[in-house]
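Sequences are here, hints too, so could you generate the full structure?
Chains as they are written, first to last, in our numbering: chain L, 1 to 351; chain H, 1 to 358; chain W, 1 to 322.
It is possible that some hints are incorrect.
What the hints assert, rightly or not - Which residues of chain W face chain L? A few of them, derived with a C-beta cut under 8 Å, are:
#1 GLU13
#2 GLN20
#3 PHE40
#4 THR44
#5 SER145
#6 TRP155
#7 SER169
#8 LEU170
#9 GLY171
#10 LEU238
#11 GLN287
#12 LEU291
As the list claims (entries may be wrong) - Result set (PhoX-like, lysine-lysine): computed pairs, CA atoms no more than 25 Å apart in a straight line:
#13 W:LYS127 to L:LYS177
#14 H:LYS353 to H:LYS238
#15 W:LYS21 to L:LYS175
Unchecked claim - Computed beta-carbon distance windows for the label pairs:
#16 W:SER239 to H:GLU59: 54 to 62 Å
#17 L:LEU142 to W:ALA310: 19 to 27 Å
#18 L:ARG91 to W:ILE179: 42 to 50 Å
Bear in mind the hints are in silico, worked out from the structure with no lab data behind them. Ideal Cβ placement from N, Cα and C applies to all residues, glycine included.
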Amino acid sequence: MARIVAFLTRTRAGKGRMDWTDWVTYGYLLFGIVLMFGPVAWLLLSSFKTGAELERFPPRLLPVAQDTLVVEGYDEPLPLFKMIAGDQEGRTLAQIRRVGLIAQMVDPAEPETRLKVNVADREPIERIAFAWSNYTDLFERLNFPLYLWNSTAITLTATAIMLVINSMAAFALSKYKFRGKLTVLALVIGTLMVPGTVLLVPTFLLVSQFGMVNTLWGVIIPGAATPTGVFLLRQYMITIPDEILDAARMDSASELKIFWRIIIPLSAPAIAVLAILAIMWRWNDFLWPLIVLSENDKFTLQLALNSFQGEFLTEWEKLLPATVLTLLPVAIVFMFLQKYIATGIASTGGK
Amino acid sequence: MANIELRNVVKRFGALEVIRGVDLQIEHGEFCVFVGPSGCGKSTLLRMISGLEDITGGEVLIDGKPVNNVSAAERGLSMVFQSYALYPHMSVRQNLSFGLENVRTPKDVIDAKVRDVATMLQIDQLLERRPKELSGGQRQRVAIGRAVVREPLGFLFDEPLSNLDAELRVEMRGEISSLHRRLGNSMIYVTHDQVEAMTMADKIAVLRAGLVEQYGRPLELYNRPANLFVAGFIGSPKMNFLEGRISADDPAEIVLDSGERLRVPAGKFSGGPDQRVTIGIRPTDLDLSGDGIRLDVGGVEQLGGESHIFGTTADGRKLTLHTQGQTPVAIGEEIRISVPSDRMHLFDTQSGKTLLSE
Amino acid sequence: MLKLLNPIMRLVEIPFLLVQKRLGIGMTAWLFLAPNLALFSLFTFLPIILNFSYATTGGEAILLRDRPDVGFQNFGNLLECENVLDPSSCRNDLFWRAVWNTVWFVVFQVGIMVIAALATAIVLNRKIRARGLFRGVFFFPVLLSPVVVALIWKWILQRNGLLNAGLESLGFETINWLIERHWAFFWSTFISIWAHMGFYTLILLAGLQAIPQDVYEAALMDRASPWRCFRKITLPLLSPTLLVVLVLALIKGVQTFDEIYAFTGGGPGSATTLIMQFIYETGFGVQPRLLGVAAAAAIMLAMVLIFLTALQFWINRKKVDG
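Here you go:
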């Protein structure tokens with residue numbers, strides 16, 4: 001324990017006492033954890049609470065459920081109560097039904113005798129319990145698997161297409177000298193300046209002309225040729241020595257083979273970064289799917305979540321686990337690839 | 001085996017002419033070295049032969065057939081690059097077999113060839129390693145192996161030893177030479193190091209500013225340099241140069257700018273009376289004995305086995321003299337040195353061309 | 001895995017080999033560019049041009065040939081105003097409300113976020129334990145989808161939510177956060193900062209780490225106080241990065257849509273309706289679909305964004321030159 005304290009209170013210089021700036025620093029960081037992770041943790045805990053518990057005010061930290069017991073002669077498990085006052089004080093009873101302030105109870109030990117008690121005299125017996133049914137319900141009773149499938153299909157297909165065509169273009173723009181190269185580069189830079197969001201109306205026309213409204217392709221195709229991806233990869237490919245390409249040409253490799261067998265493997269780190277970014281962009285995408293997809297069965301997770309809000313205005317027990325499942329892939333990817341994502345995002349300027 | 005011929009080859013990058021009409025003939029099995037200072041166009045010329053660089057004008061012929069429009073892949077040559085350019089993501093084995101796979105060689109043939117080449121170059125223990133796990137010398141061998149395994153018509157080397165340390169460079173020099181003897185292929189070798197050129201070449205082409213200054217056997221270049229540039233470039237230590245003019249009354253006598261006079265063999269050089277000339281003499285050819293020109297000694301290096309004397313002539317030119325053994329000469333001394341007339345080179349100062357009359 | 005695709009590659013190789021042999025290696029570059037360029041032209045260049053066609057035509061039709069030419073009426077619709085400071089006096093009052101909402105939103109969001117990001121970056125740049133972990137903590141929300149961000153905070157801010165519970169336990173009155181317009185605006189700004197701050201922190205942290213350590217050591221030898229170190233070394237040396245961050249945040253801030261739309265739906269009333277939401281709803285959200293007006297608004301937004309982007313390029317250039 002003392003060693004832990006020593007570890008935590010070690011200061012900037014690694015010796016001596018913590019000075020006030022250290023206290024401020026760690027205070028700030030602690031506050032940061034609470035503010036940044038707190039809400040997510042609260043969401044996670046809440047997603048395991050039963051509907052009744054979610055309604056409760058003020059809320060309790062941990063998900064809690066009332067103990068139940070199957071009593072002879074009754075089909076359903078009955079909720080258990082501890083009597084804290086009145087004739088039956090001290091006994092543990094199961095409730096059969098409740099009418100107003102009077103509840104019909106039964107002692108599990110002697111199921112034949114029915115007892116009438118005042119609801120004020122009892123206290124529910126509770127334990128920490130995770131309501132997994134919130135999650136299973138999503139899959140069994142809601143369209144959630146469909147949305148999950150739509151999101152996954154869009155994300156994977158769009159990422160694959162984007163990686164292929166962006167890396168091809170990046171290769172052309174980084175390793176070839178040809179007439180018109182500067183023009184193409186200038187055009188690509190130019191489009192970096194025009195944000196996609198202002199092109200919604202005409203892009204929608206094109207998508208509808210191609211009959212892609214309300215199809216997953218309508219979401220996938222328009223965003224595939226991102227200038228950001230081309231730039232990210234081009235910057236990396238420029239650093240591959242030309243001599244390696246020349247060596248491959250001397251080795252009778254065709255240009256496509258050079259791309260496929262030399263450039264792609266050597267650009268793997270940059271491609272990985274772009275892949276992660278692309279997956280994130282597509283998984284989290286909202287506005288464009290919102291415009292293209294208007295039928296419920298084509299919804300992505302994000303759209304579905306947004307529409308759940310209206311549909312189940314108070315049904316947080318469905319909304320919360322759905323939210324958790326939506327952020328889960330991102331969180332998992334983040335845990336494993338934090339460093340890559342951070343550097344990748346920093347290098348693209350977050351476009 | 002191939003003979004490679006260049007006919008008035010020209011290369012322009014935009015308005016910049018980097019190769020300005022080169023004619024060369026490299027015979028079957030010859031080891032030809034392109035040597036010259038950096039920026040002389042020697043690497044560009046090599047890349048034009050390889051097919052990696054387009055030819056702006058003239059013709060490159062391999063075995064008599066023009067190959068201007070034949071791609072690098074199909075010219076049947078292979079190349080060893082300055083940076084080795086090994087495929088970093090492939091094992092040594094994959095590096096060696098990549099080219100053979102590209103031309104659809106059956107797998108068992110590839111395996112056999114890779115094994116043979118690896119044994120020959122003593123890299124058979126390294127086949128499963130990646131290039132970054134190899135030392136500089138080993139990478140060099142793999143790069144050569146990759147060129148050899150395809151059994152090309154000819155080899156092109158682009159400054160392959162410049163990334164190695166001095167000791168390894170000498171060793172690899174010997175290995176490339178012996179490789180050439182064993183395979184008997186034509187080889188073209190680019191370097192800026194005239195020692196490499198002298199030690200390895202059958203023939204040397206000295207390039208400067210996109211032109212061939214002289215093309216010939218190493219000792220021919222050493223003994224009979226065609227111009228001042230070649231004279232200064234070939235040979236180590238560098239040749240000394242003195243300025244003067246041919247005597248007005250005696251064509252076999254040269255009057256140096258210092259006023260001192262030198263005899264030259266009659267008839268060996270052409271040149272008219274009063275013509276400005278540059279006399280070239282190698283440091284090893286200068287003689288301490290005798291009563292020739294005056295030299296103020298500014299530095300002496302005693303290496304034990306030989307001695308280097310640095311001095312200034314009466315007209316202020318730097319002169320270097322190498323003698324065998326140890327020397328009693330000391331700094332500050334004023335000595336007389338003689339210039340053996342049969343070792344003298346004479347050039348027209350204005351054009352830089354040799355005045356050798358044969 | 002790549003090996004599995006080899007047969008496909010053989011097939012794809014054919015056009016490449018043809019071009020390479022017939023037209024030279026340089027021309028294969030166009031082949032590599034082709035798919036990207038095709039999608040680019042179709043979904044970026046063409047829309048840029050078409051946007052102008054939409055902006056000058058009226059009606060609800062999607063097809064351009066069904067749309068009557070109305071000249072600059074769409075722009076007029078947006079700009080006709082007695083007093084631009086008072087949206088109620090404008091023909092399209094929602095547009096101006098959205099414009100002013102966006103202006104205030106951007107001012108607060110960007111201002112507070114950049115300061116907070118700077119503070120966080122400075123803290124993270126100190127010699128602290130587990131820096132990677134803490135960096136991750138602040139960065140994590142950047143990865144969350146806007147809808148998820150909105151729902152996380154909605155859950156906390158709802159009537160029976162955690163925040164109200166906290167207030168009540170402290171003896172305060174509970175507040176209906178998303179129903180009261182000023183609070184709704186406040187929390188919209190807040191969640192937007194919460195979600196995006198980590199990204200700018202990361203850039204600033206990189207900027208801080210690029211400042212050579214020996215400058216600080218020299219200052220320490222000169223007995224400079226921490227505050228003077230910050231004022232006289234950190235800020236001046238960080239200012240190019242800070243400027244980039246500022247402009248970048250402005251560009252993104254102006255385009256904010258997703259998280260606010262999912263959070264408040266633009267309400268209560270139009271209290272949190274931003275300009276992107278106006279464009280979306282005008283063009284796609286509500287009947288009648290006024291695509292022309294939406295396109296006109298998009299063009300005006302684009303002009304602002306292009307100005308900001310040009311500013312960014314200019315700053316970057318100066319940074320490189322400097």
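Inset, instruction - Using Cβ atoms only, decide whether GLU13 of chain W comes closer than 8 Å to chain L, and label the hint accordingly. - result: Interface hint status for GLU13 of chain W: holds (5 Å vs cutoff 8 Å).
Legend entry - Restraint check, 8 Å cut-off on beta carbons, for TRP155 of chain W near chain L: At 6 Å from the nearest chain L Cβ, TRP155 of chain W passes the 8 Å test, so the hint holds.
Legend entry - Hint status (Cβ of PHE40 of chain W to nearest Cβ of chain L, threshold 8 Å): The hint holds - PHE40 of chain W has a Cβ within 8 Å of chain L, the shortest such distance being about 4 Å.
Inset, instruction - Assess, step by step, whether the Cα of LYS127 of chain W is no farther than 25 Å from the Cα of LYS177 of chain L, and give holds or violated. - result: Between LYS127 of chain W and LYS177 of chain L the Cα gap is close to 47 Å, so the pair fails against 25 Å, i.e. violated.
Inset, instruction - With a cut-off of 8 Å on the beta carbons, see whether THR44 of chain W makes it to chain L. - result: Holds, because the Cβ-Cβ distance from THR44 of chain W to chain L comes to roughly 5 Å (cut-off 8 Å).
Inset, instruction - Go through the hint on SER169 of chain W and say holds or violated, using the shortest Cβ distance to chain L against 8 Å. - result: The hint holds - SER169 of chain W has a Cβ within 8 Å of chain L, the shortest such distance being about 7 Å.
Inset, instruction - Starting from LYS21 of chain W, check that the Cα of LYS175 of chain L is at most 25 Å away, please. - result: 18 Å, holds
Inset, instruction - Please verify that hint: LEU291 of chain W, Cβ, nearest Cβ of chain L, below 8 Å or not. - result: 5 Å, holds
Legend entry - Consistency of beta-carbon spacing, GLU59 of chain H to SER239 of chain W, with hint 54 to 62 Å: 60 Å, holds
Legend entry - LYS353 of chain H paired with LYS238 of chain H [C-alpha distance capped at 25 Å]: 18 Å, holds
Inset, instruction - Please verify that hint: LEU170 of chain W, Cβ, nearest Cβ of chain L, below 8 Å or not. - result: 11 Å, violated
Legend entry - Restraint check, 8 Å cut-off on beta carbons, for LEU238 of chain W near chain L: 15 Å, violated
The structure fails to meet hints 8, 9, 10, 11, 13, 17 from the earlier list, while all remaining hints are met.
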